[in-house]
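Using the sequences provided together with the hints, build the complete structure.
These are the residues of each chain, in order.
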Amino acid sequence: MLLINCPYCGEREQEEFSCGGEAHIERPKNPPELSDDQWADYLFLRQNIKGLQFERWNHSFGCRKWFNVARNTATDEILAVYHIDEKPPQLESNDPITPCGEPKIGSGNFSTTKK
Amino acid sequence: MRLNNNKNLNPKKQISFYFDGTKYQGYEGDTLASALLANNIHLIGRSFKYHRPRGIISAGCEEPNGIVQLEQDEFTEPNRRATEVVLYNGLVAKSQNRWPSVNFDFGEINDLLSPFFPAGFYYKTFMWPPKFWKTYEHFIRHAAGLGVSPKKEDPHKYEHYHYHCDVLIVGSGISGLYAAKIAASEKLQVLLVEQESETGGSILSANNSNNKINGQSQNEWKKEILEELHSYKNVKIITSTTLFAYMHYNYLLGIQDIDPSRGNKKNNSIRQVLWKIRAKKVILATGSIERPITFNNNDRPGIMLAGSVSKYLNGYGISLGKKIIIFTNNDSAYQTAIDYHHHNIKVSAIIDIRNEIDGDLPSLAQSLGIKIYSGYVVSDTSGRKKITSVTIRKFEEKDSNKKNTEILECDLLCMSGGWSPTVHLFTQSRGKLKYREEDSCFIPDQPHQQTISVGACNGIFDLKSILEDTRKSVRDFLDCKSNDGKIEIYDAEEINFGKQQNSWLVSSKDKISKSKMFVDFQNDVTAKDIKIALSEGFQSIEHVKRYTTNGMATDQGKTSNVNALGIISELTGVDISNLGTTTFRLPYTPVTFGAMAGRYVKEFFDIERTTPIHEWHLDNDALFEDVGQWKRAWYYPKNNETFNEAVNREVKATRDSIGILDASTLGKIDIKGRDVSEFLNRVYTNAWSKLEIGKCRYGIMLGDDGMVIDDGVTTRLGEHHYLMTTTTGNAASVMGKLEDWLQTEWPELEVYLTSVTEQFGTISLNGPNSRKIVESLFPKQNFSSDSFPHMSFKELEIDQVKCLVMRISFTGEICYEINVPSSYALSVWNKCIELGKNHNITPYGTEAMHVLRAEKGYIIVGQETDGSVTPVDLDMDWIVSKKKYDFIGKRALYRSDTSRKDRKQLVGLLTTDPSIVLEEGVQLVEVETALPMPMVGHVTSSYYSPNLGRSIALALVKSGLNKKGTKLIVPTSNKSIEVEITDPVFIDPKNERLLA
Ligand SMILES: [Zn+2]
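So the sequence lines, in the order shown, correspond to chains E and G. Taking our numbering, the leading residue of the first sequence gets 15, the next gets one more, and so forth. Taking our numbering, the leading residue of the second sequence gets 348, the next gets one more, and so forth.
Rather than coming from a laboratory, the hints here were simulated on the basis of the structure. Glycine included, C-beta positions come from ideal geometry on N, C-alpha and C. Be a bit skeptical, because a hint or two may be false.
What the hints assert, rightly or not - If you want a taste of the chain G side facing chain E, the calculated C-beta under 8 angstroms gives, among others:
#, residue
1, M594
2, H595
3, Y596
4, R625
5, E1086
6, Q1090
7, E1092
8, K1237
9, R1238
10, A1239
11, R1242
Claimed, not checked - Label pairs and their in silico Cβ distance ranges:
#, chain 1, residue 1, chain 2, residue 2, range
12, E, G65, G, E1266, 47 to 57 angstroms
13, G, N843, E, N62, 49 to 59 angstroms
14, E, R60, G, G1209, 18 to 28 angstroms
15, G, K1322, E, S32, 41 to 51 angstroms
16, G, K828, E, A54, 57 to 67 angstroms
17, E, R60, G, Q886, 28 to 38 angstroms
18, E, S32, G, E955, 14 to 24 angstroms
19, G, K1230, E, A54, 22 to 32 angstroms
20, G, F940, E, M15, 17 to 27 angstroms
21, G, G562, E, Y96, 50 to 60 angstroms
22, G, P1168, E, C77, 24 to 34 angstroms
23, E, Y96, G, Y510, 23 to 33 angstroms
Here is the structure:
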């Protein structure tokens, strides 16, 4: 279970939060001018990165504020927590090494595989 | 046989227990396993597939064989490891997987049939043509499963416990205790957790006359350290607690047996506690587990792990044999021979795979006159219910030639195939392992969290190095700056260990395909099974595991996983380091469902919400329906009425005179701020800017995919003040969604949302006579349609209590909804009932509410909609603004899919036979054809309408809006029901009753 540092309340257990999916997807200001494909892109298409992903989180059983989290989805490390209106931080590693050295796509626990 | 000089047991406290119906004696401090062994009981159960006789092989949680059914009736628990069960007076245990008895088991025939149970047997059987299944089902059902689950309710209580600490130390062996001492002196909050009922780890099995620490026996050393730890206020020690999961951010779960010596029978008291621990740093001192050796018939009772044999001798004072043979590939098993020598029992022979034996322990054994067969192996054993002899031969030779073999009689065979560090928690924490070739160990490499491994779980096995390494790594890890002199330096005599020699498979006179070389004892997986899996093309270790089921039993392969890897490596010629390991999954040991559920059972399983009028419903014999967490009155049967009779009466009375409904569960959100009108314009499909103060408007809320997510009436209370209502079930999610839009997309809007659902009780008066009640309730107000028209609001007072009264309707009748501050809701309700007596005021529940709204063709979100329905599909085009540039969901309403003309659309349905009430959810077809029939729609709501004297239904039908008057068919298993597509409004289509 994650330990999430709410920018308003501090460190709290994951069970107090809910995840709102990929961050930095802005609702278009001009929907009527968009093609079906463009609208579908906003509506349905999300990244599912194995590695650094920016996510929206809500402190739903706490202050109820939305904020952003930079999380390595392969290791579950939270690399940064920042306000909802902030730009994603420039993080050192955009390609974090998975903890067991497993391949970037797929799963498997080749814990002893040498590079 | 019990020797008389044991240190752990209190010889005065003898207690009795029952195994398979026979009474035996043991001592307090025994485990069930030690007590059984002391009574010379080796045959504990039958194996899973072949029903072979099996006995205890270990003295800890790794035990694959010694599993029993503990206690009876509601207290029973299957698959308990006898090696972990603390003996208590009156304990009752039974052997498992045998019929009729463990000594005479009918299933033993499976052993003779074993060629029919190869690897992948279940998969292959399932893949055969179905008709074969009948033949095998009986066979498989009988063979599958070990113990039996309790059938009665669990009488115990379970608790959850949250704990935060600076340092969590897992394991209280030498390195764990030492680490605790160092951490404690640093004034850190320390939690030391031990899975056994007593601290000490390997100290409990140590021989007191050697392996001293600073000249003290290990027992004395432990006593001293424990005394010191108990003197610290910042140290907490818990025993009988297994940490079974190591998750993110040093979050660990443990399960504690409360007072295990009181046994399983703790009626109504707390039996186990689930610990949820968040630690800043974790020190793993989890020790190591000895590996068996894989040779033919290596599973007979009386074949045990050498280290465990020492533990029974040194810790429990039990000698397990008179003719003892040891089979090893490393030095550690020599200690067992030396331990027995100290008790004046001579080990008959040590069979050592190695040609070169040069360690200190073998030299000592040799000097004690113990016979050592160097370069020899045990290739087979005999003895049906207990071992009687072993066949030995030179390692390099084959024993197809009888001349090469020798038979040695024995009643106990101690084996040691080396030690595997207990790295389960480390890998659960996502640390990376590395393989150490010389002693075939997977040892911790890079940690992923704030954790270190010390002692045997770090692959360090000799006492001197353990002490040195623990001191250094713990001090580094905890960043200890204090001077070195503060912590005592412990030292031990240096012991030279000879090199280990691995041989994963010891061949016998039988070919592998005919042999019984067990790898996973609990799941009865043999070397042959692994060979078959490999020959059938399984390569990945994860696949071999699943195909053979190796390591998938309740012991999770603690003694078998590394051996399986070794065998694969030997058979394929691939280095173990390139095979990888299977995933070490949580839980480390089995966890009870009771502990996971904790106190969240029965009425505490989920929150129950009741309205301020709930008491009245109870008093008036209401039956209740769960709507989300709410308990809502469903119907109020009178004088033994049936469900249908009661609902029909309630529905009819409402249309004829007056019905009263408790609508307090409706979600209510108070919305204030400069930009509320603009906000509502964005979240609802219709326009809100021009709504006058004191007026109400119905709104439909969409997701941005254009699908209906909620509906409700919103009232403008003031210039910048609105009250929104939501459906009962969606109140929380709508609130969340509105907050989301405000915070993340429209921070420029000044809008404040406050949930007031529970601040108001809502009383809904419906029917032609409802006006008479409100006129008496609020005598100063004129309720004529001119001064208080439909869809308007007034703030009125009853006895100085302010009420928000809306004239809105969900029945199609004149209706007044009175929102009263919750604490007054019951008294206003009672007042309404009193005032309505002369008009046959009838309380109605949710069922009548559904019928009434269906008669009028009003939708229910979640019933007529399912997340794939747009307002256009509902024929509610009128509520979708064409003028607004944008609102949530607008753009999606003219995507190619949402604008299709053949979408499912809301219509009414009337059965040709008016007495048939369709089942909700049934499919509709145009013509009956062979299966599968093309389906054109489905029924969403269906009721008997007492006002129409016939059945009615609502349905979603493809292009339904253009098909009114068309007939469709509901095919059911025994008949076809004809229906006609109609308008969904069955009563008062001109709204004359509503607006009267
Ligand atoms: Zn917060």
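Open item on the list: Let me make sure I understand: some of the numbered hints might not hold for this structure. Which ones are they, in numerical order?
Closed with: none
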